[in-house]
Amino acid sequence: MWGFFAQGATPADLMAARMQMALSLGWHIIVACFGVAMPAMTLLAQWRGHRTGDVHYRLLARRWARAMGVLFAVGAVSGTILSFEMGLLWPGFMGTYGQVIGLPFTMEGIAFFIEAIFLGIYLYAWDRLPPRRHMLAAIPIIVAGVASAFFVVTANAWMNQPTGFDLAGGRVVAVDPWAAMFNPATPPQTVHMILAAFMVTGYVMASVYAVAMLRGRRDRYHRLGFAIPFTIAAVVTPVQIGVGDWAAHFVAERQPVKLAAMEGVFQTGEGVPLHVGGVVIDGEMRYAIEIPHGLSLLATWDPNGRIMGLDHVPRDEWPPVNVVHLSFQAMVAIGFALLGLAAWAGFIAWRRRRLPRSPWFYRAAALSGVGSVIALEAGWVTTEVGRQPWIVYGVQRTADAVNPAPGLVWGFVAVSVIYAMLTVATVYVLRRLARDVPVPVAPQERDVEEYPVP
Amino acid sequence: MTLVEIVLALLWTGLTAYALLGGADFGGGFWDLFAGSAARGRATRKLIEHSLGPIWEANHVWLIYAVVLLWTAFPPVFAAITSSLYIPLTLAALGIIGRGAAFAFRKVSAQLWQQRLFGAVFAFSSVVTPFFFGACAGAIASGRVPPGVGQADPMRVWLNPTSAACGVLAVGIAAYLAAVYLTRDAQRQAEPGLAETFALRARVAGVIVGGLAVAGLLVLRWDAPALFRALTSGPGSPLAAVSVIAGLVSLVLLHRRAYLAVRVTAALAVAALLWAWAAGQYPYLLPDTTAAEVSATGPVLTAMVSVLGVGALILAPSMWWLFALFQRDLPARR
Ligand code: HDD
Ligand code: HEM
Ligand code: HEM
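Taken in order, these protein sequences are the chains called A and B.
Everything in the first sequence is counted per my numbering, starting at 1 for the first residue and increasing by one.
Everything in the second sequence is counted per my numbering, starting at 455 for the first residue and increasing by one.
It is possible that part of the hints are untrue.
What the hints assert, rightly or not - In silico contact screen, one side only, chain B against chain A (beta carbon under 10 Å); selected entries:
| no. | residue |
| --- | --- |
| 1 | A512 |
| 2 | A556 |
| 3 | W567 |
| 4 | A606 |
| 5 | P608 |
| 6 | P689 |
| 7 | L728 |
| 8 | W729 |
| 9 | A732 |
| 10 | G752 |
| 11 | T756 |
Hints in this document: simulated from the structure, not taken from any laboratory.
Each residue gets a CB set at the ideal place from its N, CA and C atoms; glycine is no exception.
Please model the entire structure based on the sequences and the hints provided.
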């Protein structure tokens, strides 16, 4: 009865598997950003409160810690389903290459342990440890959070630049796990991702307080709640654009097909223009603003540099051009918009030593959180869809990796429904937490009841 | 011991830890589900929440550890298991989402209807998730997961007598361990009434789990004779005997109110059962598939073992601190 397995998954099943992976990764990555960057922001506030005795800092730290408890829980469970899905959806990939990318994941497992252990201590022992020791307990969380982002992105970098193994008759031999982990894509991708985590966390947290300030609550508590995360994100932004440029050069050199899709270049040529905006219709870039020689200049530092076009590879090795092109454009546009916002605040801080007062600034800041999340997702779509049709660049096709079991479509439906409910519940709970005045203690939260919150 | 055996032992240790710690967290949800109405169950739920809160995420990581070790060290086995057991594993993953998220949500909710809603999701998914894991274990133990990608009938591979028996047993074990651990927690927090209740629950659960284990053996005898022989007269039998004895001793200790000691024997009973299964199946991971045949290459295993060795140096004291911190009574409250 199940003999048709051998024929492999139907195109609908393959599509469902890809959508499921994209949904669950795209969801996880947002909370993961908070897992990476929020402990540092919270500790900063707590430490300032400890040093200055300013109650506002301490209130902020308490409130952020409560949100962290929720975010880490959903981060952990949404990450767990990912590690299942690696096998549930892509057994052809994991059965062959699982060992090649296993080392960073093993390290990531250790980092998760450290994170979870010290998170338990940090959140629940607020009243059991003296302040200094309690603050020290946050440091392993920060280190492990950044490290786990590094580890998992090295695995993804390997999918873009597979190194460190040989193939013999369909089996991998001579694996060098360290070479696989430190592949050429690792440096730009990991740095770009970790900075993105700080931007997303900073701007999202700041936008919560920006909204409150627009509603007239401009007291010290709200100003500080805005200033701490915003400053961190604003300082990271220009660096991130530099790193993005590094990533783009890397792609130009090592994944020319992806670059061609990002820029909508169909014909190989010299002195290739840069396309800003535009969509591809019938194999042609339409409605784009063309900057002559722009792409050649940016990618090769030579206005007449040679750029490989999609015509260089067979049609069935093209990634979906529009998706990749538009996502890349969106990321870059948002990156520069955020740079503008950061510059605005920086200018006022430099000249007047205070926060901007214009409501327009806070309106823009209120959007910066959504914007940075869109940039994050767009960046991942660029990376992952731009790699198609390969799951392991140039080595294994996504279609050959997918689980041949029937009914993947139904799995996707079930996962989507659960994620929709999870999203609603998470947003609802976080909004409630943000609205509580000033730092309430839920009646059952006896663990931290006695922490002296003034 | 060969490198492959060392890795296998590390993997099985992780799985055991997950069963003993993560399993008990699911069991906490089980008792939460049956704690009664909001008013009557308040004390029980509070105890469960208080005990699980700081540690469940760390306990949960044991699952990640086991999954990652499996795919790194025995990639084809990971691919075979996940592709063939696609349905129960997806359901278990969804259960994990419901359990963890709802637990965290309930903790920060202040209104009764929210606590009820999230509490129900937490408790319900705590009961079904171990069932699906147990069903997967039963499928593997009875040799129903063939090597290769997606070779099994996706329904029958987990809807069969051994899977059903193992699924129910897993739920029972989770509830039993939780009751044993919570008895001591209640006692330590000077809640004698609750401690008595949980001691009773532990005794009942212990007897039921013992019965389930015997029934499971009978199912194995008919449905998976090879594993049955390995457990009763083969290489798994000494460990199976340890499990039985530890289970009986636990009942006695519960009767004598040695609530700390019974934690050890109850855990031993469960751990010995898992290792009996492992010993009974070794060296085969899947039918006609020995560990050595499908293991990763030497450099990968070496790197993995070294990394885990270094990691253990950091993790062991950290974990100790976590558990010790919350097992200690609060310094001067109020
Ligand atoms: C806040 C988020 C954010 C912002 C503002 C930017 N990026 Fe980005 N970008 C990401 C977040 C991100 C990301 C989501 O984190 C990605 C996906 C994979 C990765 O390593 O980083 C990414 C990927 C990514 C890639 C693909 C790398 C690959 O496929 O290996 C390129 C070429 C760039 N970025 C370039 C840029 C440029 C030129 C930016 C400047 C304006 C920029 N990014 C801003
Ligand atoms: C968390 C940020 C990430 C996001 C948002 C993301 C996004 C995506 C998207 C959109 C796809 C579907 C591409 C397509 O089929 O057209 C995809 C596929 C995939 N990604 Fe990622 N990705 C992320 C990180 C990672 C990492 C870190 C890994 C592995 C270590 C990974 C592994 C995969 C795999 C195995 C697939 C399926 C095969 C494929 O379609 O190429 N991803 N991801
Ligand atoms: C760029 C992509 C990713 C980043 C930066 C990232 C980062 C993180 C971080 C920082 C955490 C812990 C913090 C928290 O719980 O909120 C986490 C949790 C987790 N992630 Fe991801 N992750 C990424 C993608 C993935 C992928 C592809 C997988 C699996 C294949 C994965 C598996 C997990 C697991 C299992 C957890 C739970 C650990 C626990 O129980 O504490 N993550 N991730």
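Results of checking the hints against the structure:
A hinted interface residue such as A512 (chain B) counts as satisfied when its beta carbon comes closer than 10 Å to some beta carbon of chain A; here the least separation is about 4 Å, so the hint holds. The interface hint given for A556 (chain B) is met, as the beta carbon of that residue sits about 8 Å from the closest beta carbon of chain A, less than 10 Å. Among the interface hints, the one on W567 (chain B) is violated; its C-beta lies about 12 Å from the nearest C-beta in chain A, farther than the 10 Å criterion. The interface hint given for A606 (chain B) is met, as the beta carbon of that residue sits about 8 Å from the closest beta carbon of chain A, less than 10 Å.
Because the smallest distance between the Cβ of P608 (chain B) and any Cβ of chain A comes to about 5 Å, under 10 Å, the interface hint for this residue holds. Given the 10 Å rule on beta carbons, the hint for P689 (chain B) is violated: about 28 Å separates it from the nearest Cβ of chain A. The interface hint given for L728 (chain B) is broken, as the beta carbon of that residue sits about 20 Å from the closest beta carbon of chain A, more than 10 Å. Annotation: interface hint on W729 (chain B) violated; nearest CB of chain A at approximately 22 Å, more than 10 Å.
With its C-beta approaching chain A no nearer than about 21 Å, A732 (chain B) sits outside the 10 Å limit, and its interface hint is violated. Interface restraint check for G752 (chain B): the shortest CB-CB distance to chain A comes to about 9 Å, inside 10 Å, so the restraint holds. Annotation: interface hint on T756 (chain B) holds; nearest CB of chain A at approximately 9 Å, less than 10 Å.
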